Structure formats: C-alpha cells, structure tokens
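Below are the chains, spelled out letter by letter.
Protein chains: 2
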Amino acid sequence: MDTHLNTRTKVGLIGLGAMGCGAVGNLLAKGFEVVGCDVRPDALDWLQAQGGTPASSLAEMAAQVRIVVCFVVNSAQTEAVLFGEGGLVGQLPAGAVFIACSTMDPGYVRALEARLSAHAISLIDAPVTGGAVGAARGTLTIMGSGTPEAFEFARPVLQAFGATVHCLGAAGNGAQMKVLNQLLCGVHLAAAGEALALAKRQGLPLDLTLEILSSGAAGSWMLADRGPRMIAGQFDNVTSAVDIFVKDMSLVLDATRESRFPAALAHAAYLAFLGTTARGLGAQDDSAVTTNYELT
Amino acid sequence: MDTHLNTRTKVGLIGLGAMGCGAVGNLLAKGFEVVGCDVRPDALDWLQAQGGTPASSLAEMAAQVRIVVCFVVNSAQTEAVLFGEGGLVGQLPAGAVFIACSTMDPGYVRALEARLSAHAISLIDAPVTGGAVGAARGTLTIMGSGTPEAFEFARPVLQAFGATVHCLGAAGNGAQMKVLNQLLCGVHLAAAGEALALAKRQGLPLDLTLEILSSGAAGSWMLADRGPRMIAGQFDNVTSAVDIFVKDMSLVLDATRESRFPAALAHAAYLAFLGTTARGLGAQDDSAVTTNYELT
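Protein chains in written order, with this note's numbering: chain Y, 5 to 300; chain U, 5 to 300.
All clues given are correct.
Calculated lysine-lysine pairs in the DSBU-like style (CA-CA distance at most 30 Å, straight line):
| no. | chain 1 | residue 1 | chain 2 | residue 2 |
| --- | --- | --- | --- | --- |
| 1 | Y | Lys204 | Y | Lys251 |
| 2 | U | Lys251 | U | Lys204 |
| 3 | Y | Lys204 | U | Lys251 |
| 4 | Y | Lys14 | Y | Lys34 |
| 5 | U | Lys14 | U | Lys34 |
| 6 | Y | Lys251 | U | Lys204 |
Keep in mind the hints are simulated off the structure, nothing from the lab. All figures in this text were calculated on a predicted structure; none of them were measured in a lab.
Only chain Y is shown next, with the shape it has when bound in the complex (with noise of 0.2 Å):
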C-alpha cells in the first residue's frame, strides 16, 4: 500500500441498514465520499438524498473504490458480497481493503482473511459495538484486527465512524471479542425482557419501573435502550431484529462449546430469542424477545 487515504477519498460502504446508514452520516460529514450498494433501491435513494453516490451493482462500485467498509447482517450475506456471482473479488484492485463490521464466526474470519490475501485484498475485521445509536452519533467502539498495514491503511476511515478504534491483533480477534460482546448484550436485552414482562404480570407502573431500574445497579445500556420499546410494545419499527440475535447468540453458543464452556446464562438468553422467532416474531424489533415472557 503505497499512500495514506485522505478524506476525498471515495469509500464503498455496503449494506444501508440502521448502523451502515450511520457509518454513511459521519464518514460524509468527516468529508469522505460514498459509494454506496444495497439491495434496496429505497436504501440508493436515501444515500443519494446524502450527498453520496449510488452504485447499482458492485461492478460499479468496485471500480472506484479501493477501501470498502461492508455493514450486511452475517458471514452468508459477506461471502455473497465477495465472493457471489457479481462479487467484489477478482472486481476490487490489488491492495484494496476490505472492512468488514458484521459480526461473524471467528473460525470463518480467520479462513476469509487467507482467501482474500490469495487475490491481494486485506481483510479488517472490525465488528462494532454502540448500537444503531452509537452509529448515528459516531461513538461506535470498534473491535479491530487485521495485518498493522492494512489497519494503518484503513485507520481514518475506521475512526471516521468509530470514536475508539481498537486493534486486537490478527484478523478473527475482533470477531473472537464481539462474541464475548454479544453474550452480553444478548443477557442483558432479554433480562430487560424479562424484567418488564414479570413488572407487567405484578401490575407494576412500567414507566416508573423502567426508570427505577435504570437508574442504579440494575442499570444496563440494553436496558435503556430497548426498555422504551418494549413497554411501547410496537415491534414494527425494527432497528435490528429478533432473528439478528437468533444468529448472534448461536455464535455464542458455538464459541462456549469449543471452550467447553457451560455458559447458562447464554443458553437462556439463547431460547428467548429462539422462542420469540419461533412464535413468528423474527422479523421484529428484538425489543419484541419480552412476548417470550407474556405467556397470557
């Protein structure tokens, strides 16, 4: 990699949900320029409306970009993306950059960076945590990992969207950690779920509730964050899904049985998810895993 990037310098950004959206805001507002793909025409129109350009296929995108920060939901949608009929590989130049935020098998990481070297593309694995909130805002802490070229390289662009960017070592530590991160987080919304499900059953005031909870040691981000929602109980308007906590709990689940590792509370917060999609609530706001508990 021969130069540093500068903030005219054009980044693919692809997958325009609730945190790609976001990355899309501060990497514009911090003078970037985006191309931008998704499968949503609706997704182009928006980013246009940005001040960023839409590439109808990653052909398009491809030919401009030489770093590309990718914000789809799992290893599937990523493997499509690179290596699908149309994809990124064998399309991006040589020395290109591939950024990838979503969170992912660590196994599968750590095999992706070794293909992706074989066609002179660096892999960052830079899953991200702070929420849909926390990419609006620019105060994402991303888990970084890659080669220390490559992350130099990319440095601007992750800060760009991240307010801490950490590097962890070799590609595949990032996902290692955001597992570690997601059995957390996957705890804490379903405990909020469970709080304020057994608060409605008692005929407790679940405003009122939901601020005393808050505001000592029962405290969680998840809590704040999802606990409005689901005392609203409107789960149409989704900001990540059930089904997104499905996968990333069976990462969870799959990291503590390689660890051997009798991780109870995970496997719990596993089947309120798993329930809740089981009673057709997948494609809800994962706020929606509290019906896992309102039984009547």
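Position chain U relative to chain Y; hints supplied.
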C-alpha cells in the same frame, strides 16, 4: 405526627455495613445527628470517629430517637432488631418511624407494617439501589413506600442519603420493586462473571476486554462496578457477599413462582450464586460468582 424533622434531628441507624456507613456519611454531612448501633465494636469506633454517637444497645438508641434507618442484611435481622430480645418495639416512643432499607419479601413487609402499627410505629419500606458507591456518594435511588403521613415525616432523612426518592404507595410496594431490581442486578452480575471467565478461558487480555465490553451495548452498572474485582480475582475485600445474592435471588424466585412467571435468566443466575456458595465462597465478595465458571 406533630412536627417535621429538621437537620438537628437525631436519627438512629442500625447496621453499619457498606450501605449503612454510606448513609451515615451523608446524614452527618447534611447536619443530622446520628446514633448508631451495630453488633461489631469496630463499626461503633468508626461511627464515633465520624462524629456520630455509638449506642451500646437498641434500648440506648430507642431512648434518643423517633426515627430509625435500618440497613441490616435481611428480614431475619430486621425481625430481631424490632421484635427480638431487647428489640426496638416497646422501647421506641409512640409515633416513631422505622425506615427498613433491607431487601425483603414483599409479603413479610406488608405484614410487618400491620404489626408495627399495633405498637404505634409507622413503617417506611425503603429499599435502595446504587450499591456501596451510591451509598457513599449519596446518589442512591430509594424505592420508598408507606403511608403518606409517615413518608412526609421521613422524607428529609430519605433525601439526605438518596438522590432520588420515590414514593410507590403502600408499604410492600417498595420491596416488590426491589425484588424486580435484584432480578436484573443478579442476572447482570452473573453475566459479567460468565463473560469475563469465558474471556479468561479464551486467553483474551482481560483489562482490554472489560474496557471494550463496558464501552458499548454490552455495558451494565454491574459490569463496570464488579468487573475490575473479577479480573483482580481478590474476593476477600467484601463489599457485598455472595450469600446476599443467594438470598436476593431466592426472593426473585419466590416472586416468579407466585406470579407463575417462567424467568429462565433469573433462575440461571440464582444457580450461579448458589454454585459459588456451594464451593465455600458464600462469605466472599459477590464478584466471586465469576469463579463459578472457572472450572479448571
């Protein structure tokens, strides 16, 4: 009750543990006189050094005060303080107010109010949240309940050691809210132990892991407060013991049974505390719950 309290009022305080000592500090700082009682002589020495007045018996306290704050561990100790040999009942003046800050079964609390009322003593059911840190800083949230008259009488005292004082209606409602609060505290604490023990098993750098997990959507009050103690692995410096959470989560389990509410996470957390106690660590700091997952 004929008068309001003023800040020269003598306040009785029973139970000079981490929570009680924090309350003493704030009461003294706000100009109240504090008459304190504890079974440990060194706690009374501490009180004297702070400018408070040690009482060598409950009778000695009862002769000086008509409002008492009680920070003992549980309902058994509360029962002993009130109705045991040499207890307050029969010694406190008519019209006295007893502020019970312990985490107790709501049913016990509701019955207690009636029993005290027969002795012309008003009960304020006032469990707190915010931990030892909150007690020391005067930032506790108080889940108060009791009759409006008794509550207004007690309010200046409550406001001296709580930043936010809620009045939730009849005595027992505070206890009910506290049980719900402990559901989340216990789950979050056990989850912090689960996540950090898994990080240790996987060989991740623990200080950095805690920093990252605390910074985003995985954050909780418990993780931030107990995480450093878990990493240090020193559980002899006891702020709150494992056995306290065995007791508190038992109250949670009772509540979920009464409500016919399948709280899977609460039960998993309970088992983590019970397992820690079963390995002989019940009197250690509750951050020792992480050792429940360190099986090698």
